[in-house]
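Trainee: Chains as they are written, first to last, in this note's numbering: chain A, 75 to 334; chain B, 13 to 344.
In short, the hints are calculated from the structure, not lab data.
Every residue gets a Cβ at the ideal spot worked out from N, C-alpha and C, and that includes glycine.
You may find that some hints are simply not true.
[As the list claims (entries may be wrong)] The calculated DSBU-like cross-link candidates involving lysine-lysine, where the alpha carbons are at most 35 Å apart (straight line), are:
hint: 1; chain 1: B; residue 1: K135; chain 2: A; residue 2: K139
hint: 2; chain 1: A; residue 1: K242; chain 2: B; residue 2: K118
hint: 3; chain 1: A; residue 1: K282; chain 2: B; residue 2: K135
hint: 4; chain 1: A; residue 1: K282; chain 2: A; residue 2: K174
hint: 5; chain 1: A; residue 1: K242; chain 2: B; residue 2: K133
[Said to hold, decoys possible] Between beta-carbon pairs, the in silico distance windows are:
hint: 6; chain 1: A; residue 1: I209; chain 2: B; residue 2: E243; range: 57 to 67 Å
hint: 7; chain 1: A; residue 1: N113; chain 2: B; residue 2: G110; range: 53 to 63 Å
hint: 8; chain 1: B; residue 1: E301; chain 2: A; residue 2: E280; range: 42 to 52 Å
hint: 9; chain 1: A; residue 1: S149; chain 2: B; residue 2: E243; range: 28 to 38 Å
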Amino acid sequence: MNYRIFPIGENALTVDFGSEISAELNDRVLSLAEFIGKNSFTGFVELVPAYSSLTVFYDLVQVRKTYRQFPNVFSAVKNFVETALENLPKISKREPDLIKIPVCYEMEFAPDLEFVARCAKLTTAEVIKIHTSTIYRVFMIGFLPAFAYMGEVDTRITAPRRANPRTKIEPGSVGIAGRQTGIYPLASPGGWQIIGKTPLQMFRPERKKISFLKMGDMVNFFEIGSDEFKNKSKIENRKSDEFTFPDKFTADNRAGFGTR
Amino acid sequence: MSLLFLTNSLLTTVQDLGRGDFRHFGVNPNGAMDKKAVRLINILLGNDENEAVLEIHFPAPKILFEKNALIALGGANFNARIDNRKIENWRPVFIEKGQTIKFSQKVSGNRLYLSVRRGFKIKSWLESKSTNLKAKIGGFEGRNLRKDDRILFNAKCKMQSAKFPFRMANSLIPDYSVSPKIRVIAGAEWEKLNKKSESEFLSQKFSVSLNSDRMGFRLRGSPLRLSRKLELVSSAVNFGTIQLLPDGQMIMLMADHQTTGGYPRIAHIIAEDLPLAAQLGANDSLSFEIISLDEAENLVLKFDANLNLLKTAIKFPTIFNAKAQRCKDAKC
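Could you put together the complete structure from these sequences and hints?
Mentor: See below:
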């Protein structure tokens, strides 16, 4: 297994499995995150999984106090991560959730759908068909609260980022950038090509699980009309608190948090 | 009723030391830009060091105290006055009901912190009272405080008058400057810079661009180049991460930074010097020096040890009256 471990400050290190978008590396990130989540160390603060890397945040003072045998705090945490990597189960038994997300692809919600279709030399209906017939993997959450990076988009409908990013994109907007697709959780500037909009709320600040999607979920979009979109209440929202997995990314003992 | 904002200001938000462990949901860590200043003035008041404070930019608001209060200021110096009395930073100051605090001039720094003893009455969101301006949540209604807003105190100030003849030791106060030398540790892509850019990074003075905010400071200087093109996928970044943008300019990620990014990581500002960088404003300049991770870690440990000494000194029972001491442990 190839990897590189480096600090990103005095309070965090990153394990990088190779800086590429691949389900295999992303699985490795997930299983390492699960493993460290279950077997953490004193001073552990949080894990931030990404496409092909896992970052461990820690409380420097607490780690130093507890693991004095190491030359520095970084090497103590690095040693912990390397031991975890040696003990990782070979095959992950993870069964991902399949989440179906309604998207309205009508003009008023899809300012870039025609552009994407032109790039692809397809009709907009064909673009929608391709976008809805793929099952996407949530590779990571980042950029904005609850923004899920999903992939991989069928090569027939990939589109570059906009040359001039929009200053405001509405929450719920579904975008494409290269082989990635994603849903803007809040009003934000952004450069992705917007091809539709979901009535579902991705960012749920008042709930225990603030992100509708989590890393490792599998997602399938289905098309709805604008009438259905406007009648949001009819759409079955996913039960908010049924998934507990992301909790494992967080330390139970947060006593030492806040030194930086 | 406690604090009444009589005027608008550039940007005044409620901040604490940040929400550190929701990054895996993409939630920006938020929190004060100059965390040392916040920890110091909170400790000075006998508060938990993570107590929520006001982070004030200039032009600053005029604020009326509707109740007696014991406060401390730290970070930037905006020439604070109560009536015509000058208020120094880094010491407890008693303010009487009906008095107004004004800030007339930017003397040094760009972010001033105001803490009150036992804190402001602010609801936590995701375990922090910090403001998330992007998601418009946390702190005071997730936004900049403005004229006619009121912030309540957690507890009544029992004192009728008080004089505090002490001030924090100078050795604890960050050595703020308009052109600091900022120490960094090498980032994952440091060695990917070409030789010329490597030495330029260490020898040039960079200036802070106008296009800078709580998310990040853009720097201006002669562009830096990698020895060959790199394609990186997004991964976690940190407060203090210095990224190289495609145009060769750098961005220093600050308290409201995105949780992940895909630009090359040239360096990371050490925690000890992050407050010096965080107090910079547009057109201020800075230069960089690389130190080892060991040195950087030791500086964090040293500052922590000094804070513990300060905490012990402040706990000395004569500083606050016995009643106040007892109340301190109660949950307000």
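Trainee: Now look at each hint and say whether the structure bears it out.
Mentor: Hint-by-hint comparison with the structure:
Annotation: proposed proximity of K135(B) to K139(A) holds, straight-line Cα distance about 32 Å (limit 35 Å). For the suggested pair K242(A) and K118(B), the alpha carbons sit about 33 Å apart, so the restraint of at most 35 Å is met. A distance of roughly 16 Å separates the Cα atoms of K282(A) and K135(B); the hinted pair therefore holds under the 35 Å criterion. About 21 Å separates the Cα atoms of K282(A) and K174(A), which keeps this hinted pair within 35 Å; it holds.
Between K242(A) and K133(B) the alpha-carbon distance is near 33 Å, which keeps this suggested pair within the 35 Å criterion. The hinted range of 57 to 67 Å is not satisfied by I209(A) and E243(B), whose Cβ atoms lie roughly 26 Å apart. Look at N113(A) against G110(B): about 58 Å separates their beta carbons, and that is inside 53 to 63 Å. In this structure, E301(B) and E280(A) meet the distance hint of 42 to 52 Å, their C-beta atoms being roughly 45 Å apart.
Evaluation of the 28 to 38 Å hint for S149(A) and E243(B) yields a pass: the beta carbon distance comes to about 30 Å.
The structure shown violates just one earlier hint, number 6.
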